[in-house]
Amino acid sequence: MSGPADNAAKHHILSVLVENKPGVLARISGLFARRAFNIFSLAVSPTDDERVSRMTIVVDVESTSLEQVTKQLNKQINVIKINELHPTDAVERELMLVTVSAGADTRSQITELGAIFDAKIVDVGYDSMTLMAAGQPDQLDAMEDLLRPYGIEEIQRTGEIALPKLSRESTKLRSVKKPA
Amino acid sequence: MKLTGAQALIKSLEMMEVEVVFGLPGGAILPVYDPIIESPIRHILVRHEQGAGHMAEGYAMATGRPGVAMVTSGPAATNIVTPLCNAYMDSTPIVVITGQVARSAIGSDAFQECDTTGITMPVTKHNWLVQDTDELPRIVKEAFHVATTGRPGPVLIDVPKDVSNDTMEWYWPDEIDMPGYKPTIRGHRGMIKEAARLICDAQRPVIYAGGGILKARASEALRALAELAGIPVVTTLMARGAFPDDHELCLGMPGMHGNYTAVTSMQKCDLLLALGSRFDDRVTGKVDAFAPDAKVVHVDIDPAELGKVRRPEVPIVGDARFILEEMVEAVKAERDKRGDSLPDLAPWIDQINQWRERFPLKYDQEASGSLLPQFCIEKVRDMSPDDTIVAAGVGQHQMWTSQLWRFNHPYTWVNSGGLGTMGFAVPAAIGAKTGKPDRTVWAVDGDGCFQMTAQELVTATAERIPIKVALINNAYLGMVRQWQELFYEERYSEVYLSPDLPDYVKWAEAMGCVGLRCETPSDVEPAIEKANSIDDRPVVIDFRVDYKEKVYPMVPAGGPNDDIIMDPRYFAGGEDYTS
Chain A
1 MSGPADNAAK HHILSVLVEN KPGVLARISG LFARRAFNIF SLAVSPTDDE
51 RVSRMTIVVD VESTSLEQVT KQLNKQINVI KINELHPTDA VERELMLVTV
101 SAGADTRSQI TELGAIFDAK IVDVGYDSMT LMAAGQPDQL DAMEDLLRPY
151 GIEEIQRTGE IALPKLSRES TKLRSVKKPA
Chain B
1001 MKLTGAQALI KSLEMMEVEV VFGLPGGAIL PVYDPIIESP IRHILVRHEQ
1051 GAGHMAEGYA MATGRPGVAM VTSGPAATNI VTPLCNAYMD STPIVVITGQ
1101 VARSAIGSDA FQECDTTGIT MPVTKHNWLV QDTDELPRIV KEAFHVATTG
1151 RPGPVLIDVP KDVSNDTMEW YWPDEIDMPG YKPTIRGHRG MIKEAARLIC
1201 DAQRPVIYAG GGILKARASE ALRALAELAG IPVVTTLMAR GAFPDDHELC
1251 LGMPGMHGNY TAVTSMQKCD LLLALGSRFD DRVTGKVDAF APDAKVVHVD
1301 IDPAELGKVR RPEVPIVGDA RFILEEMVEA VKAERDKRGD SLPDLAPWID
1351 QINQWRERFP LKYDQEASGS LLPQFCIEKV RDMSPDDTIV AAGVGQHQMW
1401 TSQLWRFNHP YTWVNSGGLG TMGFAVPAAI GAKTGKPDRT VWAVDGDGCF
1451 QMTAQELVTA TAERIPIKVA LINNAYLGMV RQWQELFYEE RYSEVYLSPD
1501 LPDYVKWAEA MGCVGLRCET PSDVEPAIEK ANSIDDRPVV IDFRVDYKEK
1551 VYPMVPAGGP NDDIIMDPRY FAGGEDYTS
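Going down the list, the protein sequences come from chains A and B.
FYI, this note's numbering numbers position 19 of the first sequence as 19, with every residue one higher than the one before it.
Take the position in the second sequence, starting the count at 1, then add 1000; the result is the number in this note's numbering.
The shape of chain A in the complex, shown without the other chains (with noise of 0.2 Å):
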């Protein structure tokens, strides 16, 4: 996995609300797939509209293919509405669950490890135990990596949820007029 300012010149998230309807995951993935766009993480939920659902795309593209991967994306009869989020105007979580082999002599340095990053044990088994961690992608990936060298034995990710960060400016003063 490369580093996180790869990751920012290249990952393009995709917040996608689609038609809830069968057979629409197929008709996304597949147009990622025949026009050479590259999927980094796909994260699908439900709203609270239940004739729409959202998709969370992270897309690895230059900019120019991204226009191409957004407009293909429009022409999909079933997809509503796409917004493109910028890492810095977003708030971006995923979700991880980790087993790491955890013998007597380790786990406590793995709990207090966790610790850092707001981790929660799960399950705990005689040599090993489930994290839970909740944050940012690279927040995750660097949990991963101190982890590593105890033994990871399993682990899922969820992939991407984001939604645009909320505006703090206050209506009053973004309807100040500049003096001409």
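Be aware that one or more of the hints could be misleading.
The calculated lysine-lysine pairs, modelled on DSS-like cross-linking and capped at a C-alpha distance of 30 Å, are [stated by the list, open to error]: (1) K71(A) / K1295(B); (2) K1182(B) / K81(A); (3) K21(A) / K1141(B); (4) K1286(B) / K75(A); (5) K10(A) / K71(A); (6) K1295(B) / K75(A); (7) K75(A) / K1308(B); (8) K1362(B) / K1530(B); (9) K1141(B) / K71(A); (10) K1362(B) / K1268(B); (11) K165(A) / K1182(B); (12) K1308(B) / K71(A); (13) K1530(B) / K1548(B); (14) K1268(B) / K1332(B); (15) K75(A) / K1193(B); (16) K1141(B) / K81(A); (17) K1182(B) / K1308(B); (18) K1011(B) / K21(A); (19) K81(A) / K1308(B); (20) K1182(B) / K21(A); (21) K1141(B) / K1011(B); (22) K1193(B) / K71(A); (23) K1286(B) / K1308(B); (24) K10(A) / K1286(B); (25) K71(A) / K1182(B).
The set of hints was computed from the structure by calculation and includes no laboratory data.
Got chain A sorted already, so can you dock chain B onto it with the hints?
Coordinates of chain B only, in the frame set by chain A:
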């Protein structure tokens, strides 16, 4: 009123004013074929499902109305994938209805089951698997709406057999509710004005008209703009007829086999008005070397085409007809503002006329020499009415027809552009003749193409659809042969077909057509005259032409358009033609 799904489907087609369906029945679509007996809709029984799809395309290209094809599940659905892909590439509005196994059997590998919506997803604008009988009228209305609006294209409705058999309470939806589908029609005012300014600045402008002009029914508007601003027009393979060939501003076809003037005027222009065209690789050649000095105004209803290949200075999304009508007004306004200070286009037009004179399309038919394909095509052209509809397959015969035919009316040229589907001509001509029964319809076909779909002439005879076929029989897969000659050191691999196996005259007669043969130049006129006099059955003329003829000019694939190769028999090679 209670109707079965099958009855509701046919009634929905009637509501959409469908006059003809091209199809072939089978197991899963059987219920839908029953109410067809009572329906006023004409059904044309094809001999292969691919034929049904191409007929629907030919019908749509000649009439502007969506073509409809209906076939069963499984192999029938896969047989119609080629026409769907062809229609997708050429933005042709067709509606294909396929049968599907019953809902309870879907996913069980049932007899004649295939994942039709899955297979056709990449080659349709949209498709639907009908889940409930109640949905049928709504889906039919949506399907026609999607096929015919925005950038037109093929759609498919997959109807499970039990959906056709179930009953529903009939209704017809008043409105269409598709929140994700709202094509942009009106162009951006500011951009149109900016385009008008560039038009009034340009010293060497060219209009690069594509198939979108025909789809938008914008030929009149195009002509108004070209005449107002005095801008020469090239018409791409998909736009032949969008601007009349007999107009002094018409430069003909650009691209890999375009004529010298059309290709070179684009290379040398300072303003390229791309109207409903998509910078296809067969037009641009090497993209980096295409129209290097030109500013580009790109008008297209599909936003994804703007900037896909070449980044335009002025992108305008919307319907070409509305945009061109507004552009005409914007150019008038801009001219009023500038008064006399407009660039003089006369030197540019002079230059173009010099190219036209120096580098015409050329061939030399000797009276006693072997028969040349170009001569046969020109004779068919000259002896047929001005508004004849001509269909072509794919290959040398297609390029010669596009180069040499005089298209003076829109919707008279029916061919397979983007996909390059051999075998397109015969079924497409049948579809065109079905939609325009009063017009003469010629299919100019190659011998390789003809063998792929000739059986549809049985359909034409049985249904009394009297098309005429000019078979340009050079006994080779000619375009492939041409590439092997030029780029594979004359190592001919699997391209020889034989001039008389099959015997095309006997084959035509076996299919109920009149079969004629021409072997010498003097045979040609009498045969065409006879063919044009027959109006009760199809005619096939087997033109035994010289296999050595090649299509020129030619820009080698991937090469820059400046490296255009002229026919070495008439033009010196290697020189810089433009100097």
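Outcome of the hint check:
1. K71(A) / K1295(B): holds (23 Å)
2. K1182(B) / K81(A): holds (11 Å)
3. K21(A) / K1141(B): It holds: about 18 Å lies between the C-alpha atoms, which stays within 30 Å.
4. K1286(B) / K75(A): Judged against 30 Å, a Cα distance of about 28 Å means the pair holds.
5. K10(A) / K71(A): holds (18 Å)
6. K1295(B) / K75(A): This hinted pair holds, its Cα atoms lying about 27 Å apart.
7. K75(A) / K1308(B): holds (14 Å)
8. K1362(B) / K1530(B): Satisfied, since the Cα-Cα distance of roughly 28 Å is no more than 30 Å.
9. K1141(B) / K71(A): Holds - the C-alpha atoms of K71(A) and K1141(B) are around 25 Å apart, at most 30 Å.
10. K1362(B) / K1268(B): It holds: about 23 Å lies between the C-alpha atoms, which stays within 30 Å.
11. K165(A) / K1182(B): holds (28 Å)
12. K1308(B) / K71(A): The hint holds at about 10 Å.
13. K1530(B) / K1548(B): holds (28 Å)
14. K1268(B) / K1332(B): holds (26 Å)
15. K75(A) / K1193(B): holds (27 Å)
16. K1141(B) / K81(A): Judged against 30 Å, a Cα distance of about 23 Å means the pair holds.
17. K1182(B) / K1308(B): This hinted pair holds, its Cα atoms lying about 21 Å apart.
18. K1011(B) / K21(A): Status holds; Cα separation ~26 Å.
19. K81(A) / K1308(B): holds (21 Å)
20. K1182(B) / K21(A): It holds: about 18 Å lies between the C-alpha atoms, which stays within 30 Å.
21. K1141(B) / K1011(B): Holds, at roughly 11 Å.
22. K1193(B) / K71(A): holds (25 Å)
23. K1286(B) / K1308(B): Satisfied, since the Cα-Cα distance of roughly 15 Å is no more than 30 Å.
24. K10(A) / K1286(B): holds (27 Å)
25. K71(A) / K1182(B): Between K71(A) and K1182(B) the Cα gap is close to 13 Å, so the pair holds against 30 Å.
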